[in-house]
Structures are given as structure tokens and as C-alpha cells.
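**Q** Now for the letters of each chain:
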Amino acid sequence: MTINARTTLTSFVVNGDPQEVSVTGAQTLLNVLREDLHLTGTKCGCNQGICGACTVLCDGMPIRACLALAMVVDGRDILTVEGGKTDPVLSVVQQAFVETGAVQCGFCTSGMIMSATALLMRKPSPDRQEIREELSGNLCRCTGYAKILDAVALAASRLPIQESAT
Amino acid sequence: MTTHTPNLKAVKIAGGVATNQRHDSAHKHVTGTAVYIDDMPEPAGLLHVGLGLSNVTHGTLKKVDLSAVRAAPGVVDVLTYADVPGENDVSPSGMHDDPVFAEGKVQFHGQPIFAVVARTREEARRAARLAKIEYGELPAVTSIWDLDPEKDKQVTTPLTLTRGDAAAAIAAAPRRLKGRMKLGGQDHFYLEGQVSLAVPGEDDEVLVYCSTQGPSETQHLVSHVLGVPSHAVTVEVRRMGGGFGGKETQANQCAAIAAIAAKKHGRAVKVRLDRDEDMTATGKRHDFAIDYEVGFDEEGRILGVDFMFALNAGFSADLSGPVGDRALFHCDNAYFYPAVHAKSAPLYTNTVSNTAFRGFGGPQGMVGAERVIEEVAFAVGKDPLEIRKLNFYDAIGVAGERNLTPYHQKVEDNIIHRIVAELEESVSYARRRREIAAFNANSRFVKRGIALTPVKFGISFTKTESNQAGALVHVYADGSVHMNHGGTEMGQGLHLKVAQVVAEEFQIDLDRVKITATTTAKVPNTAPTAASSGADLNGMAAQDAARQIRKRLTDFAAEKYQVPVDQVVFLPNRVRVGNQEISFDALVKQAYLNRIQLSAAGFYKTPKIHWDRSKGRGHAFYYYAYGAACSEVSIDTLTGEYVVERADILHDVGRSLNPAIDLGQIEGGFIQGMGWLTTEELWWDGKGRLRTHAPSTYKIPLASDRPKIFNVALTDWSEAYEPTIHRSKAVGEPPLPLGISVLQALSDAVASVADHKISPRLDAPATPERVLMAVERLKAQAAKA
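Residue numbers (this note's numbering), protein chains in the order written: chain A, 1 to 166; chain B, 1 to 785.
Hints in this document: simulated from the structure, not taken from any laboratory.
Certain hints may be false.
Below, a list of computed lysine to aspartate or glutamate pairs in the DMTMM-like style, where the Cα atoms sit at most 25 angstroms apart [unchecked claim]:
# : chain 1 : residue 1 : chain 2 : residue 2
1 : B       : Lys514    : A       : Glu35
2 : B       : Lys699    : A       : Asp150
3 : B       : Lys708    : A       : Glu133
4 : B       : Lys12     : A       : Glu99
With the hints as extra help, turn the sequences into a complete structure.
**A** So this is what it looks like as C-alpha cells:
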């Protein structure tokens with residue numbers, strides 16, 4: 001048996017719920033979310049950290065769940081697209097995506113929403129250019145991005161304006 | 001979502017046709033609760049598949065030693081062609097040239113040779129690498145560029161379109177020119193890759209959940225591969241994470257492999273391709289080599305044109321015949337050719353078999369037409385837009401002679417003049433053209449360019465039998481409605497539009513109509529959701545089903561309340577019978593109690609169309625969709641890098657069923673077309689290996705690539721010339737070639753370095769490298785002149 005087959009107990013919080021999962025060394029966070037926790041909202045698009053469909057937040061920072069090893073998130077706080085009830089910013093972004101029609105096939109949507117949420121957590125009033133740049137790590141093949149950018153701008157307009165922590 | 005009480009006093013229903021409605025799954029997509037095939041709860045004992053792909057581009061399989069694969073941890077079985085119970089073929093054309101597993105030889109790098117069935121996906125994939133295969137390598141052809149379209153091997157019969165004597169017209173023309181254009185292919189890059197989950201049933205039965213645009217075709221091919229009748233195979237799909245043509249035929253191989261393994265082992269089996277495998281082993285948009293010769297007068301009016309559209313079919317026919325046909329059908333774009341000769345050549349190469357992709361050859365034909373226009377414009381020293389307008393087909397209502405296509409169909413509904421005129425005005429084309437010239441005169445390195453290009457796109461499958469559709473509508477005793485039809489949902493909002501049609505017929509709120517997964521068990525023998533036809537065909541079929549039920553309800557109410565049938569009127573959420581109103585739900589309940597059938601199968605076939613391929617004549621398209629785009633770009637002449645500064649689109653969808661959804665299709669289609677012609681470059685190395693098989697190397701547009709200013713509008717005045725579903729028009733493919741305006745704008749910017757005296761002949765994709773090379777070439781030519 002290789003080292004990858006050895007399991008380690010990893011504890012982290014997902015969408016407010018404490019989780020304890022036995023993971024192997026090579027197991028990704030994406031795999032744990034989808035296979036062990038049955039949180040299938042986070043998608044596997046390219047599985048190499050480029051397309052952004054698997055974006056989740058780890059202590060508020062966007063990460064690629066397909067590249068992050070599950071062991072590494074031990075003790076961390078993970079937010080996925082299923083966590084709208086526990087996170088007010090995420091919930092506002094979700095509602096804005098629905099209202100602006102920023103969703104077509106939907107496969108990029110969860111990653112896109114998490115990237116947008118991370119941006120708005122860090123910077124509640126980004127300008128249009130900042131939104132474009134921030135979302136350029138998430139590929140969408142359907143929409144041409146127009147309504148996605150509108151959605152993020154709408155969400156930003158609904159969030160209370162406050163100075164960024166960073 | 002479905003618990004509200006219908007408003008019995010409403011003036012209009014909530015969610016009828018011609019209204020903005022949100023995508024029916026939007027609330028599920030944003031919360032991660034919309035289920036794709038890989039998200040479904042997995043059946044106990046599920047097995048996974050990894051594919052063994054060819055490592056050479058063309059060769060015989062001298063020895064295939066899979067013993068190490070079989071011995072690897074977790075491996076349950078290894079499947080090869082010998083395990084295929086029926087035909088080892090998933091050819092959609094019936095040409096028997098698309099093996100499920102290579103047998104005896106491989107014809108492209110990445111062709112599936114075997115499939116590993118294992119407990120986990122990782123085990124299957126890891127084991128697949130342990131095969132020891134001895135190949136007898138053969139000479140390989142990996143590009144069409146140096147092939148002879150008349151003599152080299154073709155995968156299927158080419159098409160020729162002829163009207164008038166093009167050779168004579170060109171020879172007699174005051175001006176003549178000819179040239180050749182290289183036009184690249186395109187990977188679909190649907191975000192959800194190919195995936196199938198097969199669940200074995202009793203006897204010969206199998207249920208396949210497949211991310212497919214053509215469930216009936218998938219069913220047909222799975223039954224063919226299993227050697228069982230179609231009635232044993234059920235194919236179901238609720239939604240796809242994007243399709244774009246890439247899941248029209250390309251879904252079938254995974255479905256077939258999953259079904260073979262599931263039946264052999266009596267366990268559910270999932271096949272989900274990895275992104276690299278998906279991009280390597282499944283077909284793409286065809287790259288073309290376009291030869292053109294054109295004769296024209298001093299004004300720039302085209303007198304005769306001759307085209308050769310050579311397309312890279314790859315190793316098998318797949319849909320390359322019809323794709324080449326559609327290129328020819330669109331080699332006129334919106335222009336009248338007094339004499340034309342156009343030929344396709346679907347050439348065999350040792351690359352993956354190319355397939356359907358949004359536009360299906362049409363955009364390639366139009367790029368050829370626009371190249372010719374551009375060449376003529378440079379030859380006579382005019383703005384290409386002037387040449388475009390000079391050569392348009394006659395407008396609707398004009399009793400002229402300039403309205404016959406190369407396939408002898410009369411263009412009856414042409415509204416391109418008005419669209420182009422309105423767009424030209426709204427974008428201030430003439431003023432911006434002057435401003436750009438002034439800018440370029442004063443800017444040493446950064447140059448701007450602008451182009452306004454039209455689109456005319458033919459709507460109908462050219463394969464006549466595909467222009468049919470079915471639907472199944474049930475009204476339950478509580479008045480709620482279950483809707484099913486043959487179309488598939490890949491994000492385009494088809495199910496929503498069809499549900500709007502059904503809601504409109506019954507005059508009930510949209511949320512009383514349940515959208516359900518497409519399945520071959522409910523609606524049989526359907527066309528793939530392709531050719532932009534989804535709403536046209538399935539909307540009509542669903543309307544037919546709903547009308548049958550409505551008529552039964554009407555007859556029932558008339559009889560029960562003893563009123564004439566014309567006094568039974570469906571109002572929002574209620575029915576007026578004589579002088580009284582009764583809720584829809586109550587009437588349905590009464591009808592049920594009186595044993596009225598509340599379920600109906602609907603059907604539609606497109607009228608008027610016919611096509612004789614051997615003669616190259618017919619009424620191939622029911623109607624045309626029109627549009628125009630104006631793009632402005634700036635290029636850096638030192639690096640070739642560019643920015644799309646602004647794009648404006650005016651597009652015709654007839655009387656839109658759902659303007660919000662249609663605008664999304666147009667925006668997305670334009671960006672996808674722009675990507676195809678600019679940054680998306682497929683690159684095969686000298687050994688025939690695709691080296692751009694992941695998003696790290698294959699560049700689809702990003703949010704930051706979209707035009708800085710992007711205005712999209714619908715022609716709010718247009719309606720379909722033919723009685724289509726509520727006079728709407730198809731919207732899937734027609735917006736994609738709007739992206740040609742970006743290529744032409746780049747070309748215009750490049751031309752500025754030689755004072756617009758030399759035709760830039762900018763090939764596609766116009767990557768920054770290619771733009772830079774064109775700039776250098778023009779500078780050198782200008783210096784020599």
C-alpha cells in the first residue's frame with residue numbers, strides 16, 4: 001500500500017457544520033465535499049485548477065477545491081455554494097444571480113458565485129473593472145459574462161458599505 | 001415554488017409567452033441543488049470506468065497486452081472490442097466507421113482502445129496506464145492544409161451547389177481575384193464533460209442517464225452496440241452543463257461503454273471523462289481551408305463566385321457531410337451571387353472525428369463570404385460595409401431578381417437592410433470610422449479598427465426527418481400539469497420556453513406546469529436538440545398536446561353546462577362557461593370525475609421544407625434569422641495584443657418567447673464566436689498529438705476579454721414570416737457568427753498599418769501572434785510598394 005492509502009482524520013467546518021472525515025493523503029477537498037459529504041453543488045470542471053467551477057472559500061479566501069488536499073483544510077472554515085443560509089453575503093449574491101438571469105447551463109455558477117462572494121467580502125463596493133478582473137479566474141462558456149457581471153454589481157449595491165478589513 | 005394559489009381575477013397569467021422569465025433552474029443552480037448526472041446519488045455497487053487511449057496517431061495494433069491492467073488494484077474488468085455484444089460502432093451516419101473500441105488499428109492519437117472497469121474512478125484511470133501495446137506505425141495525415149480537396153481521401157460524399165455559370169461570370173467580370181483562407185476549429189469546452197451512468201434492468205433492459213443532446217440517437221446507438229431492440233434501452237437527461245453541439249453525437253460512445261459494462265456485470269456503471277481525455281478523444285468544430293475566386297465590377301458588385309470549402313473531418317464521417325453542406329448553405333451569408341459554384345470536401349485525416357458545434361459549418365461558410373467581401377472592398381478601395389450593402393439580397397417585399405440562394409431557395413423574409421441601417425445609425429458608424437482614422441493617424445503603435453457585419457442564418461435541419469418533434473402533456477386531477485417533450489436542456493432555457501407555451505395554451509400560471517427530464521420512454525423518435533430548432537419544434541409539439549386536452553375540456557364544459565363551445569373561454573387560471581366562471585382546477589376535477597382523458601401526445605413536423613441533395617436544390621430552410629454586429633478593437637502593433645473596445649448587436653428573434661433568455665443566448669453566442677475567431681487555438685504537434693487539451697493551454701474568453709462596452713438589443717419590430725411558435729424565431733446558433741465582426745475589425749486595424757491599401761488576409765483564429773505576423777507582413781509589403 002502506498003502512503004496515499006493511509007487515512008487521517010481531518011476536522012473542519014463546512015457551511016457552519018463541524019465535520020470529521022477520514023481522508024487519504026491524495027484526496028482533494030473537492031472529492032471529500034462531493035463524495036463523503038454529498039455536497040455536490042461544487043463542480044468538477046477541469047480538475048486542474050483552471051476553470052474555477054470548484055471554487056470554495058477557505059477562511060474567506062477563494063480556493064480551488066480540485067487542487068486543495070483535504071488534509072490541508074484541517075481546522076479551517078469552508079464555505080460552499082450550499083452555505084447560503086449561513087452566510088449573508090453569499091445569500092445576496094445568489095439572489096442577484098437569479099434576478100439578473102446570470103445562469104444558463106449552471107455548471108460554472110457555483111464557482112462563479114463563490115468567487116464573487118469572496119470579492120464582496122473583501123471589497124463590498126468594487127467597480128466594474130475590478131469585478132471583471134476578479135471573475136477572470138472562472139470560466140463560463142454560455143453567458144458571455146454580461147449578466148454575471150451585472151449580478152455581482154447588483155449584489156454589491158445591496159450590501160452595506162463598509163471599509164475593507166485588509 | 002409550486003404552492004401558491006392561482007389568482008382567479010388575474011388579467012394575464014404569470015409566465016405566458018413573450019414575457020421575461022427567469023431560467024426555471026436558476027434558483028437551484030445558485031444553491032447547488034440542480035442535479036447533473038455526476039451529482040445523482042450513486043447506486044450501491046457502482047463501478048467506474050477509465051479509458052485506454054491510443055499513443056500513436058495511425059497504426060496497426062500488433063499486440064495489446066492488458067494483463068497488468070487486469071491485475072491492478074480494484075480492477076473488475078477490462079473491455080475491448082471483443083466485449084461488444086452487438087456492433088462495435090457508434091457511427092451516427094450509418095457508415096460503420098466509428099468504433100466504440102479500436103479494432104486492429106488506431107486512426108488518431110487518443111482513440112479509445114479499451115476501458116477499465118474498477119471500484120473507483122482513480123483505480124480505473126491508474127490501471128489504464130499499465131497497458132503494453134505494440135503498434136505498427138503508419139504514415140499519418142494530421143492537417144488538411146496541404147491536401148488536395150479534389151483528389152485526397154474524403155470520409156463521405158461532398159456537396160456541390162451551382163447556380164448560373166460561375167466560371168464564365170468570373171472570366172467575363174471587369175475585376176477578378178482569388179485567395180485562400182485558413183480557418184481554425186474550436187473545442188466545445190462545455191463546463192460539464194461527457195458523462196453517462198448506466199443502470200442495468202431486467203432481461204435486456206438498461207437505463208442510461210447520459211449528458212446527451214440527442215437521447216433518441218443515444219438510445220438507438222446503445223441498442224445497436226448491445227444488440228438489443230430500442231425498446232430495451234431508455235435514455236434520460238434532466239440537464240447538461242453545456243452542449244453546444246458537442247453532445248449531439250459525442251455523448252454516444254460513453255453511453256455505449258457504460259451500458260456494455262453495466263449489462264456485463266449487472267451493476268451500475270459510470271463513465272465520466274477527465275477534461276484532458278474529453279478534449280483529446282471527442283470531436284470539435286471543423287477547421288476549414290477555404291479557396292475562393294470572385295469576379296466583380298468596379299463598384300464592388302459581385303458577379304460570380306467559386307468556393308471550395310475543404311473541412312477537416314478527422315478519421316470518420318460523423319456529421320462531417322452535413323457540416324460541409326451547411327457551410328455551403330451559408331457561403332452567401334446575406335449576399336446575392338448572380339452566379340455561384342461551391343463545393344465541399346470533407347477530408348480524411350488522422351485526428352479526432354470532428355462534429356457538430358453551434359452553427360454546424362454555417363459560421364465557417366459565412367467567414368468565407370465575409371473574406372470575399374473584404375477582398376473586394378480592398379480591391380475597389382471602399383469600406384467593406386459599403387460592399388456588404390451593395391451585395392445584399394433584395395429586402396422583403398421587393399419584387400426584384402436578387403433573391404435566389406445558391407441552393408435555389410428564394411429568400412422571402414429578408415430584413416437585413418433594416419437591421420444594418422438601424423445598427424449603423426445607433427452606433428454612429430460613419431462618425432466612428434472618421435474618428436478611428438484620426439486616432440490611427442496620431443497613434444504610432446496602437447491602431448484601432450471597426451467592422452459591421454451581417455448575419456443571415458437558415459433555420460431547419462437539412463436532414464428532413466429531423467424536423468419533427470413530440471411532446472407529452474398530462475393534466476392531473478388537481479389541475480397541475482406535467483410537461484415533457486423531446487428537447488434537451490443545456491442551459492438555453494428550452495424547457496422554460498416550452499413550459500411558457502403550455503401555460504399560455506391552458507391560461508394557467510407558469511408554476512402550475514412541471515418541467516420534467518427528457519426521456520425516450522415518454523417521447524420517442526425525437527431529433528437531437530440541435531440546429532437551433534429546440535423551441536420551434538418542441539414548442540409546437542407541446543402546443544399541439546395542450547390544445548388536444550383543452551379541446552376535450554372545452555367540449556366537456558359545453559356539454560355539461562349546455563352552452564355552445566364558443567362560450568367556453570380560457571381566461572387566466574379560470575374558464576368562462578356561458579355566464580359563469582370556474583377555476584381551471586375545478587373544471588379539470590369535474591372533467592376527471594366525468595372520465596375525460598387528460599393526457600395527450602403532441603406532434604409537429606415543419607411544413608414547406610424539402611431538399612434534394614443530389615441536385616443541390618430545395619427549400620432547405622423554413623425561414624431565416626437575421627442579425628448584425630459592430631465591433632471596434634485596438635491592436636498593439638508591437639506585440640499583436642488586442643482589446644475589443646466595444647461591440648453593439650442588433651439581433652432578430654422574431655416575436656421573442658422570452659426576451660431575457662434570448663438576450664442571454666445572443667450575448668453568449670457572440671462571445672463564443674469571438675473566442676473561436678480570436679484566442680481559441682487548437683494545436684496539434686508534428687506527431688498528431690493535440691497539445692491544447694486543457695484550459696491551461698486552450699483559451700476560451702474570460703470575463704476580462706469581453707468587450708469593454710457591450711450593447712445587445714433585439715429587433716422589437718420583427719416577427720417570423722412563417723407561422724412559427726407564437727411567431728418567434730430560433731436563437732441558438734444565429735448569434736455565434738456575429739463574432740465575425742471582431743475578426744473583421746482586427747483585420748481593419750491591421751490594414752491601417754498599410755494605409756488600407758492592402759487586403760490583410762487575416763486568418764483565424766486571429767491570435768495575437770497571427771495579428772502581429774499580419775502587421776509585419778503588411779508593413780513589409782507596403783515598404784516594397
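**Q** Now, for every hint given, state plainly whether the structure supports it.
**A** Hints versus structure:
Proximity of B:Lys514 to A:Glu35 is assessed by CA-CA distance (about 30 angstroms); at most 25 angstroms being required, the pair is judged violated. Simply put, B:Lys699 and A:Asp150 have alpha-carbon atoms about 23 angstroms apart, close enough for the 25 angstroms limit, and the pair holds. A threshold of 25 angstroms between alpha carbons decides the hint, and for B:Lys708 with A:Glu133 the separation of about 12 angstroms falls inside it, so the pair holds. For the hint linking B:Lys12 to A:Glu99, the alpha-carbon distance of about 21 angstroms falls within 25 angstroms, and the restraint holds.
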